[in-house]
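Enquirer: Single-letter residue listing:
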Amino acid sequence: MKEIKRFMLGMLIILCLIGSQGTSDAIEVPGVTKDTILVGALAPLTGPNTTSGVACRDGAQTYFDMINDAGGINGRKLKVIWEDDGCVPAKGVAAVKKLIERDKVFALFGGVCSNALLAALPVVEKEKILWFTANCSSPPITKPVKPFLFRAGWNPTDMQARTIAKAGVEYFKVKKIGIFHMSDEYGVYYRDNIKKYLEEKNVQPVAIETCNPGDVDFTSQLTRLKEVDPDVVLMAMWIQDAAVMIQQAKKLGVNPLWIGAGPTGEEPFAVMAGEAAVGTIHLWPFKYLLTDTHVPMVAKFREEFKKRIGEKPGRPSGGDMINYNGAMVFAEALKRAGKNLTRDKLVSAFESLKNFDSLLATPVTFSKDEHHGNYGINLVVILPKLQRALLDIKIKPY
Amino acid sequence: MLRLAQLIVDGTVLGGTYAICALGMVVIFKATDVINIAQGELVMMAAFFGFTFRVYFGWSFTPSFLLAIGFIIFLSLAIERLALRPLIKAPIWTNIITTMAVLIILQAAARLIWGPEPYAFPPYLSRMPLNIAGIRLTHQDVAILGTSIIYMILLFLFFKYARIGKGMRAVQMDKEAASLMGISVRKMYSYVWMLNAILVGTIGILLAPRLGVYSTMGLLFIKGFVVAVMGGFTSLAGSIVGGFLLGVVETLAGFYISSTMKDIVSFIILILILIVKPTGLFAESVTKRV
Numbered sequence: 000m001k002e003i004k005r006f007m008l009g010m011l012i013i014l015c016l017i018g019s020q021g022t023s024d025a026i027e028v029p030g031v032t033k034d035t036i037l038v039g040a041l042a043p044l045t046g047p048n049t050t051s052g053v054a055c056r057d058g059a060q061t062y063f064d065m066i067n068d069a070g071g072i073n074g075r076k077l078k079v080i081w082e083d084d085g086c087v088p089a090k091g092v093a094a095v096k097k098l099i100e101r102d103k104v105f106a107l108f109g110g111v112c113s114n115a116l117l118a119a120l121p122v123v124e125k126e127k128i129l130w131f132t133a134n135c136s137s138p139p140i141t142k143p144v145k146p147f148l149f150r151a152g153w154n155p156t157d158m159q160a161r162t163i164a165k166a167g168v169e170y171f172k173v174k175k176i177g178i179f180h181m182s183d184e185y186g187v188y189y190r191d192n193i194k195k196y197l198e199e200k201n202v203q204p205v206a207i208e209t210c211n212p213g214d215v216d217f218t219s220q221l222t223r224l225k226e227v228d229p230d231v232v233l234m235a236m237w238i239q240d241a242a243v244m245i246q247q248a249k250k251l252g253v254n255p256l257w258i259g260a261g262p263t264g265e266e267p268f269a270v271m272a273g274e275a276a277v278g279t280i281h282l283w284p285f286k287y288l289l290t291d292t293h294v295p296m297v298a299k300f301r302e303e304f305k306k307r308i309g310e311k312p313g314r315p316s317g318g319d320m321i322n323y324n325g326a327m328v329f330a331e332a333l334k335r336a337g338k339n340l341t342r343d344k345l346v347s348a349f350e351s352l353k354n355f356d357s358l359l360a361t362p363v364t365f366s367k368d369e370h371h372g373n374y375g376i377n378l379v380v381i382l383p384k385l386q387r388a389l390l391d392i393k394i395k396p397y
Numbered sequence: 000m001l002r003l004a005q006l007i008v009d010g011t012v013l014g015g016t017y018a019i020c021a022l023g024m025v026v027i028f029k030a031t032d033v034i035n036i037a038q039g040e041l042v043m044m045a046a047f048f049g050f051t052f053r054v055y056f057g058w059s060f061t062p063s064f065l066l067a068i069g070f071i072i073f074l075s076l077a078i079e080r081l082a083l084r085p086l087i088k089a090p091i092w093t094n095i096i097t098t099m100a101v102l103i104i105l106q107a108a109a110r111l112i113w114g115p116e117p118y119a120f121p122p123y124l125s126r127m128p129l130n131i132a133g134i135r136l137t138h139q140d141v142a143i144l145g146t147s148i149i150y151m152i153l154l155f156l157f158f159k160y161a162r163i164g165k166g167m168r169a170v171q172m173d174k175e176a177a178s179l180m181g182i183s184v185r186k187m188y189s190y191v192w193m194l195n196a197i198l199v200g201t202i203g204i205l206l207a208p209r210l211g212v213y214s215t216m217g218l219l220f221i222k223g224f225v226v227a228v229m230g231g232f233t234s235l236a237g238s239i240v241g242g243f244l245l246g247v248v249e250t251l252a253g254f255y256i257s258s259t260m261k262d263i264v265s266f267i268i269l270i271l272i273l274i275v276k277p278t279g280l281f282a283e284s285v286t287k288r289v
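If you're matching them up, the sequences are chains R and G in order.
Position one of the first sequence corresponds to residue 0 (numbering that gives the first Met the number 0), numbered consecutively onward.
Position one of the second sequence corresponds to residue 0 (numbering that gives the first Met the number 0), numbered consecutively onward.
Since no wrong hints were added, every one of them can be taken at face value.
Computed Cβ-Cβ distance ranges for the label pairs, DEER-style:
| no. | chain 1 | residue 1 | chain 2 | residue 2 | range |
| --- | --- | --- | --- | --- | --- |
| 1 | R | D230 | G | L124 | 25 to 35 Å |
| 2 | G | F56 | R | K76 | 30 to 40 Å |
| 3 | R | V173 | G | N130 | 24 to 34 Å |
| 4 | R | P383 | G | Y55 | 20 to 30 Å |
| 5 | G | M180 | R | R101 | 57 to 67 Å |
| 6 | G | I112 | R | N73 | 32 to 42 Å |
| 7 | R | Y397 | G | A77 | 51 to 61 Å |
So, partial list: chain R residues that the calculated Cβ filter (under 7 Å) puts toward chain G:
| no. | residue |
| --- | --- |
| 8 | T45 |
| 9 | V53 |
| 10 | S182 |
| 11 | T209 |
| 12 | V215 |
| 13 | D216 |
| 14 | Q239 |
Please keep in mind that the hints were generated in silico from the structure rather than gathered at the bench.
We put the beta carbon where it would ideally sit given N, CA and C, even for glycine.
Put together the whole structure using the sequences plus the hints.
Expert: Here it is as structure tokens:
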């Protein structure tokens, strides 16, 4: 009797194993079913860069929801699972592993902080899963080319840094340049590239000030800046920190021309900094401003964003728009990959994009040797009452 | 000289906020033996309540402030009644873990209700800087520092002369004896949490226009805990002195040593103080029957 029971148990186990094998064979491509494409997405939804993280999520989701309402891509609706990386490498790795191993997503989208993306890169390469980002601007993401990483949106950080440095030296022709950067990888990278450009031009910065992400008091740095009285200060800071800093600068009577990197070009900076932001200049990745509603694509974006997310002071922002644009590029590649979707086909589809014009940003071109899709950046000045204007300056970083 | 004075004044404003946070923690600890790790989150919630009334409802500053204080008092009482009162006889570590849980819950609740992004809080006073004998301050700096000092004076008077204040002191000294004298210990616990709510609520709303309002802003106030430890965790005077000392030293360290190292300097000072005086700057001696 005992032996019969053992035999039956053994047969049951074998049958279960065969059954599960059969079940796994039914899903050929992770994250793809006959009516859904499962996409994993990352953004810092906590931490010092939450403003950009929320914009990443809301801007992209606006476009994804829009195309789902229109029937999806090749008959499949996009389902996006957002995870918080907190702008912290370890959290980024954990989030990517969860999306790949537990949620079994087909591809990855988003990310704002390059440190989190680069930390998760080994996982991405091991799983051969594509990751498209509009925000993560660190040059190593696309140089040298990583087979599964693609970017279109913000220019690489070295180009951004050179652009603002060039603006100070060659356009505004100032003599005394200061640098104010965060102590994280992003800020340090910015500083190093600004210094590299200034060395080429034989210009010595009069001050280099540093702060930690999340700092709320900048008295010591601003007091030192006041003593050297720079004409221009090039800043690489996250939105919240920069907004607090610029208010304190005004209070302490530190009034250089502030030229900021990408994050401070977004509307929430001006909303949080108030009148202290007036006169500051920042990078801007688009041909148009968000107020250029005579441009059909800008009007469409604003309409969809208002319908799905809602408008409030500072929103939609440049961050929302860049990720809306990024979602457009991502969706186009998915469409070109066809109905018989595989990860390899998605990679080929991205590499096949040539002069894809979203009508919002510069056209996107990828190839096997180039996984950064678009170059070109503008400068915007913040005016009173939160208005802004594009500067008529064309700067070639190299 | 003017530069040094500016640094000291700015450090004093910063220190005032640390001192108020620490005072609330010490007041709670002395009466209830609870170390409130979620102190910063109460500051955050007060800022969000104030933001809601001021921006979403469009009310002016004073009613928004008063109602926000009311809400944070209610929240604090709920935390005391639901999370901490059942653990009244539990060891100190249980209470610490409980307040850590409250910290996580409040952060998550804030993200759920208001979202993860930061918000701008409209200034309640002019942002134009004042120039007082060469020292530059904003109207908000004056408000924050002035309120901190007024609260400290009021707290001193409250504990010395007010009936409820004397009751709280009695409970802090000896709960059993206080109970035998007819003082309701549980009521005193509630009053202590209400008092803390007024302190941290005020600081949260006053600081909101400068810092913005976001769900993780409570972490900034971990320095309140450092100050409370520096002061001895049983001394109100220690919290005040510790707070101002930390604010000034941090600002000076940021200027004279390194702006990225000033947080490290705070903790080095804490360690040095504890090495010289392990019970803290002004700790009251505690005797236990063995």
